[in-house]
Amino acid sequence: MFLGPIHLPESELSDVGKGSNQNKQETHKREFMAILLAILDFLFGCHHVHLSRVFTLQGETYRVCCGCGAKFAYSLETMSIERRLPSTPALTRFRIA
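Numbering of the sequence shown is given in the working numbering, commencing with residue 1 and proceeding in unit increments.
No lab work stands behind these hints, which were simulated from the structure alone.
Keep in mind that a hint or two might mislead.
[Said to hold, decoys possible] Per label pair, the in silico range of CB-to-CB distance: (1) P86 - I39: 29 to 37 Å; (2) Q22 - F55: 43 to 51 Å; (3) N23 - H50: 38 to 46 Å; (4) C46 - E82: 42 to 50 Å; (5) E31 - Q58: 17 to 25 Å; (6) Q22 - E77: 43 to 51 Å; (7) E31 - L85: 21 to 29 Å.
Cβ coordinates follow ideal geometry from the N, Cα and C atoms, glycine included.
Modelling step: build the complete structure from the supplied sequences, incorporating the hints.
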């Protein structure tokens, strides 16, 4: 795939040395990577078919995927999954005594 040269407007050419254009490029690159990762995760990632029973620990109600370990917030009022909970870092998950 060939990409042609990028032409910047003259107003942005004066800002190149100031770093604002670089910040915009970094933001666009991160957004693109987030979308690409979401697509790849959808195609090749876990589809969370095998979920555990409902747990309520420390005031948090959730279900866990038995395949990948992802946690999902669970509502007892609607009896359904609300959202995916952020994963904990590996260093805090495994505590070595």
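So, going through the hints one by one against the coordinates:
1. P86 - I39: 29 to 37 Å: violated, 20 Å
2. Q22 - F55: 43 to 51 Å: holds, 45 Å
3. N23 - H50: 38 to 46 Å: At roughly 43 Å between Cβ atoms, H50 and N23 fall inside 38 to 46 Å, so the hint holds.
4. C46 - E82: 42 to 50 Å: violated, 19 Å
5. E31 - Q58: 17 to 25 Å: violated, 34 Å
6. Q22 - E77: 43 to 51 Å: holds, 47 Å
7. E31 - L85: 21 to 29 Å: holds, 23 Å
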